[in-house]
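Novice: Residues per chain are reported as follows:
There are 2 protein chains.
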Amino acid sequence: MIYYEKSVSSEQIYSGKIIKVRLDKVEMPDGSLADRELVEHPGGVGIVAVTDENEIILVKQFRKPFEKDIYEIPAGKLEPGEDHRECGIRELSEETGCRADSFEYLGFMYPSPGFLDEVTHIYLATGLHRGSAHPDDDEFLDVLYVPVKEVRQMIMDNRINDGKTVFGVLKALEFLKG
Amino acid sequence: MIYYEKSVSSEQIYSGKIIKVRLDKVEMPDGSLADRELVEHPGGVGIVAVTDENEIILVKQFRKPFEKDIYEIPAGKLEPGEDHRECGIRELSEETGCRADSFEYLGFMYPSPGFLDEVTHIYLATGLHRGSAHPDDDEFLDVLYVPVKEVRQMIMDNRINDGKTVFGVLKALEFLKG
Chain A
472 MIYYEKSVSS EQIYSGKIIK VRLDKVEMPD GSLADRELVE HPGGVGIVAV
522 TDENEIILVK QFRKPFEKDI YEIPAGKLEP GEDHRECGIR ELSEETGCRA
572 DSFEYLGFMY PSPGFLDEVT HIYLATGLHR GSAHPDDDEF LDVLYVPVKE
622 VRQMIMDNRI NDGKTVFGVL KALEFLKG
Chain B
472 MIYYEKSVSS EQIYSGKIIK VRLDKVEMPD GSLADRELVE HPGGVGIVAV
522 TDENEIILVK QFRKPFEKDI YEIPAGKLEP GEDHRECGIR ELSEETGCRA
572 DSFEYLGFMY PSPGFLDEVT HIYLATGLHR GSAHPDDDEF LDVLYVPVKE
622 VRQMIMDNRI NDGKTVFGVL KALEFLKG
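Protein chains in written order, with this note's numbering: chain A, 472 to 649; chain B, 472 to 649.
Honestly, the hints are just simulated from the structure, not real lab data. Among the hints, erroneous ones may be present.
Same chains, same label: a pair holds when it works inside one copy or across any pair of copies.
Claimed, not checked - Here are the simulated lysine to any residue pairs, SDA-like style, with alpha carbons at most 20 Å apart:
#, residue 1, residue 2
1, 548, 628
2, 620, 649
3, 491, 564
4, 539, 571
5, 488, 526
6, 477, 534
7, 496, 486
8, 648, 624
9, 535, 608
10, 491, 611
11, 477, 560
12, 620, 572
13, 535, 560
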């Protein structure tokens with residue numbers, strides 16, 4: 472059965488540098504009206520980069536919403552009109568200095584589909600060649616090479632909590648298993 | 472190394488029914504200033520419910536940000552002050568009519584840690600007893616019992632894209648494997 476929520480009005484609340492916020496009034500399947508608070512985001516790309524030594528590259532960086540630094544896979548936001556594959560290759564290079572012989576698409580994630588239109592594309596990068604990182608001016612992060620087995624343990628022990636990282640790593644491990 | 476971004480000012484942009492939006496000016500590790508657009512969300516709980524017949528319960532519901540219906544595990548937002556375990560038990564009952572003999576904590580997820588403070592707690596529910604669902608007035612959803620093997624295939628084929636669902640199911644399968 473398909474339920475549809477038709478917008479009967481839409482009010483722009485905020486238009487920022489990264490996000491936009493709007494409030495829609497929608498007609499529910501039973502004809503009643505409901506409010507939908509919606510956040511628009513440009514989306515991004517995360518990269519599960521696995522070395523020939525069976526390590527995964529993690530970055531540790533401060534995240535303001537939690538006032539602490541957390542572990543994530545290398546990732547970044549899409550520039551307007553940017554192809555997500557190109558974005559992934561660019562972000563992996565900027566954050567880690569690596570380029571990859573193989574860059575395979577693992578699918579996309581909706582981080583919080585109830586109110587947020589963000590889409591995060593995930594790639595698996597292998598055949599890595601190290602170079603020097605060149606992060607953006609406002610990016611401060613540590614780059615870590617962690618054995619796959621240890622990353623899996625960090626996920627199971629709740630030391631890695633970032634959605635795209637768990638989504639990407641567990642999917643990559645299933646993919647590599649064949 | 473720890474990088475910290477201290478807020479030097481904070482401006483409330485929007486305070487809605489579910490989300491709040493604020494704009495912080497932060498001092499970066501090198502002393503420069505940067506803007507941080509931040510969304511506050513009450514957080515929620517997702518439940519990976521596995522039947523004795525080795526099926527996972529999925530719900531299919533319309534999600535306004537994508538203008539389509541998508542597959543997710545049963546889930547819901549935390550009420551103010553609500554314990555996340557109680558919330559999980561309540562949401563599983565409301566959306567599917569099931570109660571569970573065993574309700575194990577699998578950890579928490581940050582859906583989009585760059586700008587969103589939402590935390591999603593994940594539980595594994597087993598020993599299920601079916602009853603009748605009693606969704607909220609503004610919830611319209613279909614409840615599906617899908618074999619574990621098929622859910623795994625739907626994840627690998629990109630037919631399931633919800634972050635908490637992939638995070639929860641793949642982590643639950645690792646957990647059940649031991």
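Novice: State the violated hints by number, sorted upward, taking the hints as numbered earlier in the document.
Specialist: Checked against the structure, the hints that fail are numbers 1, 3, 4, 5, 10, 11, 12 and 13, while the rest are satisfied.
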